[in-house]
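Just so you know, my numbering puts 34 at position 34 of the sequence shown, and the rest follows in order with no gaps.
Check each hint, because a few of them may be wrong.
[Said to hold, decoys possible] No farther apart than 25 Å at their CA atoms in a straight line, the calculated lysine-lysine pairs in the DSS-like style are these:
(1) Lys27 x Lys44
(2) Lys22 x Lys12
(3) Lys12 x Lys36
(4) Lys27 x Lys38
(5) Lys67 x Lys38
(6) Lys36 x Lys22
(7) Lys38 x Lys71
(8) Lys27 x Lys67
(9) Lys16 x Lys42
It is worth saying that the hints were derived from the structure and are not from the lab.
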Amino acid sequence: MEANCNFVELEKKNGKIKEKEKIGEGKIILINDNGKVKYNLKPKNIPIRIEDIIPPFFSKKEFLEEKLSPKQLFIEIPIFLPPISFRISDFFSGISIYDLDPKLSKEATLITGQMAPIWRERK
């Protein structure tokens, strides 16, 4: 997953975390390499490390050593969203992920059960 970012300094005001000022721009790249999370930062002219991005309420070791299924998407796992951006987590929170087999939609659907008679005898 690659995210173009504005790196900002955050501050806490009235119990809410808000952006204080923009520090610079760059990219955060997360890679699922056979279940092991690898990362790469590409900041533009600013000294920033992955440790600067992970919020203090996350264990850095837990984040960087997270084990994934090789087919698992980062957006399926909530632990990866907050470090990237609070806005991105809001955006992805309403998205559902489905793995649909297009061949199944072409097959007939079986309906089982008893059928009630729809005719009446005439007198």
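Now for the hints, and whether the structure bears them out:
1. Simply put, Lys27 and Lys44 have alpha-carbon atoms about 8 Å apart, close enough for the 25 Å limit, and the pair holds.
2. A threshold of 25 Å between alpha carbons decides the hint, and for Lys22 with Lys12 the separation of about 15 Å falls inside it, so the pair holds.
3. Distance check on the hinted pair: Lys12 and Lys36 sit about 33 Å apart at the alpha-carbon level, beyond 25 Å; violated.
4. For the hint pairing Lys27 with Lys38, the CA-to-CA distance comes to about 14 Å; that is within 25 Å, so the pair holds.
5. For the proposed pair Lys67 and Lys38, the alpha carbon gap of about 11 Å is at most 25 Å, so the pair holds.
6. Using a Cα cut-off of 25 Å, the hinted pair Lys36 and Lys22 is violated, with the two alpha carbons roughly 31 Å apart.
7. The suggested pairing of Lys38 with Lys71 holds, with an alpha-carbon distance near 15 Å, which does not exceed 25 Å.
8. For the proposed pair Lys27 and Lys67, the alpha carbon gap of about 23 Å is at most 25 Å, so the pair holds.
9. Distance hint between Lys16 and Lys42 is unfulfilled; the C-alpha atoms sit about 28 Å from each other, more than 25 Å.
Against the hints set out earlier in the document, violations occur for numbers 3, 6 and 9.
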